[in-house]
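Note that the protein sequences, when read in sequence, are chains A and B.
Residue 563 is where the first sequence starts when you use my numbering, and the numbers rise one by one after that.
Residue 907 is where the second sequence starts when you use my numbering, and the numbers rise one by one after that.
Simulated from the structure, these hints should not be mistaken for laboratory data.
Check each hint, because a few of them may be wrong.
Stated by the list, open to error - Covered by chain A, according to a simulated footprint, are these stretches of chain B (three or more residues, beta-carbon under 8 Å): (1) 1021–1029; (2) 1086–1094; (3) 1098–1106; (4) 1127–1136; (5) 1170–1184; (6) 1202–1212.
Glycine residues also receive a C-beta, built at the ideal position from the N, C-alpha and C atoms.
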Amino acid sequence: MNETGAQTGAPRAAEASGASAAEEPLLKVTGLVKHFPINKGLLRRQSGAVKAVDGIDFDVRRGETLGIVGESGCGKSTMGRLITRLLEPSSGKVEFEGKDITHLGVAGMRPLRRDVQMIFQDPYGSLNPRHTVGTIVGAPFKLQKVTPEGGVKAEVQRLLSLVGLNPEHYNRYPHEFSGGQRQRIGIARALALKPKLVVADEPVSALDVSIQAQVVNLLDDLQEELGLTYVIIAHDLSVIRHVSDRIAVMYLGKIVELADRKSLYEAPMHPYTTALMSAVPVPDPRRRGAKSGRILLKGDVPSPISPPSGCRFHTRCWKATELCTTQEPPLVALKTGHQVACHHPENAPDQAPGDKALPGAAEAVETPTL
Amino acid sequence: MTDNPSTSGGPVFVPEQAGPGSRVPATSFLSVRDLQVHFPTDDGLVKSVDGLSFDLERGKTLGIVGESGSGKSVTSLAIMGLHRTGQSRSRPHISGEVVLDGEDLVRADADHVRTLRGRKMAMVFQDPLSAMHPYYSVGKQIVEAYRTHNDVDKKTARTRAVEMLDRVGIPEPHRRVDSYPHEFSGGMRQRAMIAMALVNNPELLIADEPTTALDVTVQAQILDLIRDLQKEFGSAVIMITHDLGVVAEMADDILVMYGGRCVERGTAEKVFYEPRHPYTWGLLGSMPRIDRDQTERLIPVKGSPPSLINIPSGCAFNPRCPYADVPKGGITRTQRPELTQDDSRHWSACHMSQEERTRIWTEEIAPKL
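With the rest of the complex left out, here is chain A (with noise of 0.2 Å):
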């Protein structure tokens, strides 16, 4: 997003794959796993569980973006609430800045909601409405007991000049303002306390696309005067190219590809990566009749309760092989910052070759010819 984070990428990248890297990463996930049970009948047996993250490994280093795309259902936003602490991990590990926080209790966790703080998706919901806006991104300050200098008005004030809006509005509620406002009140909640995590869940997804690029620039800047680090959460892939500096593509509660923003989009390894770019609408009518590369998937995607075994995009994927549907692919680096997890990728060497296609495999997808 900002030049510095852009030109650090690929010398960070580089050390992370690295025996020991130099840097220790703000936020480190190992095997997280998240299963929401199932309980039926009258006893409340549990009958199963959906498998919303099963399994995923990344990290974030300080003062980068990192970017979370995938479908809805992807167990995206999921991930973000483990990693904030709002849910509890089934199993697995959180370090946040070293310190395990992956069980830590509400008492546990309150000194470090003030390093790690959520934007959420809803502008509407996620504000109260009978709270003036001064009582809400002054809230922070109350429940850790913080007075900043100068007190929590003028703090108050600070933070709404700060991403924009007029100080003056300090005793309004937010029904008097606009999605795209309310969006940044929710901002400066989020800031208020200096957090140096900062994980953002569709911010930018219920606002029309002018106000989405006024608080898209907002989050750049205040990046750079902060040096936040962020966590953001999208399904579009446009504004996820926009504002990352690495980009993670979830699938079925997986990562199946983790790498640089520039690599990601200009070669994309994993199969999904390429169906899910090459079905973004490109905003260029000349564009419209050079189709010929654009993958269509078939179908939905399968139910996070009975996952598909192996590979999870076997089943939609046009070149699945019978391995595929056996071995889970693990996520490795096939090229310096570009971790992938398939057995036969794209832009890069087959990782399993001569491996019998599975018949039918092809017909996955559809190339249409306009």
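Assemble the complex: chain A is given as a structure, and chain B must be docked to it using the hints.
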């Protein structure tokens, strides 16, 4: 058509007899002229649509883009005649003309419009879960739409419903025809609604944000489906969306709405490559691009959309326009710019001269996008 009621004393509008020079060019399949939809509220008159005109031919797609509250959806409801429902005190005042295949729908009798709705013109809504009835199976709802306009028995209608579900790509349509809307995924529900809208082969299909609630992969499937069906049936399509990517992919013509009025209209090519209105520039600059690695900042439109109760006098975009201070040869801010034709099939409403706008676009805006 002959049951077209006339307002007392006014001229009876009989399209067959409309001679040359009549208000409606006989060639346009759908012609909207100076459409106004105003809602009376306690706070004042909300001018959702305030003088909108456009034409649409059979087999063509018109994309309407604009921010929330710009009047896109109200326009589509007014064309469909769906603004008539509701309590009389909140019923909107509507004026202007909506001529579909030679019939003025604004002045037509509500019962007559009902016979056209679903047969001649149909609509696909944004949220299929609230647009479909949760108590009835999907099949039953499609059967109802079919039997309303066709005198057939239930069995034939059911066969037709299965055929339509199959046509829109629902797997196992024989079994799925008895499913309820909640048993379908979002994409399948949207397909089922398209099946319902197309069951009578409508000549005009209005799709109001048909893919906004869907994931990109499903969106691509639905857009392809609409395109295929349009090719097959030769329908005219109005695609309402805020996603410029979707209009670039689907639309032949694009109409940009702002504050209830059209600010720019033209072919997709013209609107994307030679946009003539500062608001269109703003939309193009606000949009993050999937096809470019752009580390530059976005160029948003400053401020917020106008209140439709107090639309700024003069150009509605004036308070947000970065070029509001460019001298315009004695034209004052309170004068409203008319939609004028710049060149063939390209209209825009701006006080700046066309040369000035071409210069700003090519020198100042386009290089930054």
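Hints, one by one, checked against the model:
Taking a C-beta to C-beta cut-off of 8 Å, the segment 1021–1029 of chain B contributes 0 residues in contact with chain A, too few for the three needed, and the coverage statement is violated. Restraint check on the segment 1086–1094 of chain B versus chain A: 4 residues with Cβ-Cβ distances below 8 Å, three needed, restraint holds. Residue count for the segment 1098–1106 of chain B with a Cβ under 8 Å from a Cβ of chain A: 0. That is fewer than the three needed, and the coverage hint is violated. Using a Cβ-Cβ cut-off of 8 Å, 3 residues of the segment 1127–1136 of chain B lie near chain A, which meets the minimum of three, so the contact claim holds.
For the segment 1170–1184 of chain B, the stated coverage by chain A is satisfied: 4 residues place a CB nearer than 8 Å to a CB of that chain, which reaches the threshold of 3. Given as covered by chain A, the segment 1202–1212 of chain B passes the check, having 8 residues with a CB less than 8 Å from a CB of that chain where 3 are the minimum.
Figure legend: structure checked against the earlier numbered hints; hints not met, in rising order: 1, 3.
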